[in-house]
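Can you build the whole structure from these sequences, using the hints too?
First to last, the sequence lines map onto chains A and B. Numbering-wise (our numbering), the first sequence opens with residue 4 and increments by one. Numbering-wise (our numbering), the second sequence opens with residue 446 and increments by one.
Quick caveat, the hints were computed from the structure, so don't treat them as lab data. Be aware that one or more of the hints could be misleading.
[Claimed, not checked] Incomplete in silico selection of chain B near chain A, CB under 10 Å:
#	residue
1	GLY454
2	PRO457
3	TYR459
4	PHE460
5	ALA461
6	ASP466
7	VAL472
8	VAL473
9	THR474
On a predicted model such as this, the values are computed, not experimentally measured, just so you know. Virtual Cβ for every residue (Gly too), placed ideally from N, Cα, C.
Each chain, written out:
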Amino acid sequence: MNMQHHHAMLPRANRDEAARQDFVTALRAHMGSTLMPGNQAVYEARTKGAFVAEHGRLPANRQEVAKVMKRDPFYQFWSALQRVSQQAIWDSVTDTIERDHAALNQAASRIAAENPAGGVLRLNPNLPIPGYVTAADIHLMPGGYVGQDPAEMRQGPLYDRGLYLYLDGRCGPENDGLVHLLRQALERHSPGFSPKRILDLGCTIGNSTVPWKKLFPDAEVTGIDVSAAALRYAHARAEALGVPVTFVQANAESTEFEPGSFDLVTSSLLLHETSASALPRIFGECRRLLAPGGIMAHFDVPQVRDLDPLQAFLASWEEENNNENFSHLIRELDLAVPAQQAGWPASALSQPTIAMTGDVYVRSADSPRQVTWTVLLGQA
Amino acid sequence: MSSPRTAKGRKPGYFADPATDKLLQMVVTLAGELSVVRDRLDLIERLATQAGAFDRGKLETMQLTEADITERDAGRADFVARVLRVLDQDLEEITNPEARGFDELVEVLGRKD
Chain A
4 MNMQHHHAML PRANRDEAAR QDFVTALRAH MGSTLMPGNQ AVYEARTKGA
54 FVAEHGRLPA NRQEVAKVMK RDPFYQFWSA LQRVSQQAIW DSVTDTIERD
104 HAALNQAASR IAAENPAGGV LRLNPNLPIP GYVTAADIHL MPGGYVGQDP
154 AEMRQGPLYD RGLYLYLDGR CGPENDGLVH LLRQALERHS PGFSPKRILD
204 LGCTIGNSTV PWKKLFPDAE VTGIDVSAAA LRYAHARAEA LGVPVTFVQA
254 NAESTEFEPG SFDLVTSSLL LHETSASALP RIFGECRRLL APGGIMAHFD
304 VPQVRDLDPL QAFLASWEEE NNNENFSHLI RELDLAVPAQ QAGWPASALS
354 QPTIAMTGDV YVRSADSPRQ VTWTVLLGQA
Chain B
446 MSSPRTAKGR KPGYFADPAT DKLLQMVVTL AGELSVVRDR LDLIERLATQ
496 AGAFDRGKLE TMQLTEADIT ERDAGRADFV ARVLRVLDQD LEEITNPEAR
546 GFDELVEVLG RKD
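Here it is as structure tokens:
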């Protein structure tokens with residue numbers, strides 16, 4: 004089923020490419036609904052007992068669960084298939100982009116020239132790219148966010164379509180569902196809050212930047228990212244969607260905006276792709292950029308602090324196998340700690356609970372897991 | 446410039462024998478390609494049926510032209526390359542000095558001679 008919004012910048016799969024994408028979607032849906040729960044069954048029936056036989060007690064943490072699960076043939080196949088299917092997502096979209104990148108570049112140039120929505124793109128070729136972005140290709144996306152050629156934008160369409168396939172559309176036709184969840188938390192925290200200047204950190208293709216402009220049409224909305232390829236695409240994509248946004252190539256750890264330039268500084272799934280040393284710098288930069296009364300609002304991967312060792316082990320799969328190298332640290336971290344290191348008073352911070360809900364993130368009732376997202380709000 | 450096909454970063458193995466990891470990748474790719482063909486065949490049969498032109502007997506008796514054969518050969522070659530792409534990744538590790546360690550390089554060179 005292909006429900007993604009076919010804006011003018013989305014790569015157009017031909018019949019066979021679309022069939023490959025449909026296959027990988029079907030494969031992953033089967034793995035999620037049928038094979039993933041099998042890990043629990045295998046743990047209860049086989050591996051837990053094996054651990055007890057060896058150690059005379061139950062596994063105490065995810066590392067101990069890992070030792071026995073990684074020896075189990077069912078887990079081995081599940082994990083290997085998970086990896087193979089992740090690679091197959093990118094391969095299936097790369098086929099389209101390889102065939103069609105000249106047309107995509109032409110469309111981008113035409114849209115940039117016409118600039119129908121009136122948005123702005125400002126690149127900085129001298130910006131140093133942080134090591135956590137280039138050390139590994141996050142999510143196994145070949146070429147990573149930055150890509151091989153700084154003049155190209157093909158990492159953008161690759162990510163837009165690949166992300167939709169990865170999520171099986173659960174973030175909506177424009178991959179923007181997370182912002183609506185974050186908005187709910189913001190509205191509960193400060194009813195009626197209506198920011199006039201919004202900054203979205205680590206915005207990649209702008210899928211979480213555009214919806215802020217739609218939610219607050221009178222606001223000036225800016226997205227920053229270190230990747231020129233992602234921003235070129237983000238600009239063309241936002242223009243194709245008819246939403247005026249300013250995209251600037253900058254690092255969230257240290258920007259060139261004036262102090263107090265924004266009423267809302269936000270990020271969606273950025274933090275777990277940075278590093279332990281970057282976190283306090285990002286929170287410090289948020290503090291510097293916010294006007295009095297302004298709010299920072301960060302949304303990130305689900306917490307595992309309250310999960311049992313098996314679920315924590317399964318949640319760590321992305322870190323070890325999908326190049327989300329910092330994700331498990333975030334899952335176990337109290338984000339208030341680096342925020343306070345950056346000078347935020349504890350009284351200004353809150354971490355509201357957002358659980359997966361049926362109306363925004365999960366399209367169908369196919370996920371029995373109830374997860375709690377990592378959310379950090381801070382009011383200047 | 447062509448797009449990279451391999452992600453930079455950890456390359457975890459899942460089975461005791463690394464060959465099993467590669468075989469699984471081939472099997473999944475084959476299953477995907479079979480699924481693509483089934484989809485395509487299904488479309489063709491539906492179109493042909495709609496047009497009143499579907500006739501199973503013609504599959505056996507149809508005469509292919511030179512151009513038909515060339516096109517079908519190219520399609521088959523692409524199919525085989527796609528299924529065996531996992532082995533290209535091995536070759537890439539041999540030819541890309543950043544992708545593997547020095548010891549491995551020495552070992553590989555020794556094996557080839």
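Just to be careful: measuring from the Cβ of B/VAL472 to every Cβ in chain A, is the smallest value less than 10 Å? holds, 9 Å
Let's test the interface hint: is any C-beta of chain A closer than 10 Å to that of B/PHE460? Cβ of B/PHE460 sits 6 Å from chain A, so the hint holds.
With 10 Å as the cut and Cβ atoms as the points, is B/TYR459 at the interface with chain A? holds, 4 Å
Supplied contact hint for B/VAL473, tested at 10 Å Cβ to chain A: Cβ of B/VAL473 sits 5 Å from chain A, so the hint holds.
Would the hint on B/ALA461 be counted as holding, given a Cβ-Cβ threshold of 10 Å to chain A? Hint holds; B/ALA461 Cβ to chain A Cβ min 9 Å, cut 10 Å.
Interface hint compliance - B/PRO457 to chain A, C-beta minimum distance less than 10 Å: Cβ of B/PRO457 sits 6 Å from chain A, so the hint holds.
For the hint on B/ASP466, does the least C-beta distance to chain A fall short of 10 Å? Holds, about 6 Å.
Against chain A, with CB atoms and a cut of 10 Å, does the hint on B/GLY454 hold up? Holds, because the Cβ-Cβ distance from B/GLY454 to chain A comes to roughly 3 Å (cut-off 10 Å).
Holds or violated: B/THR474 as interface residue toward chain A, Cβ cutoff 10 Å? Holds, about 7 Å.
Of the numbered hints given earlier, the model fails none.
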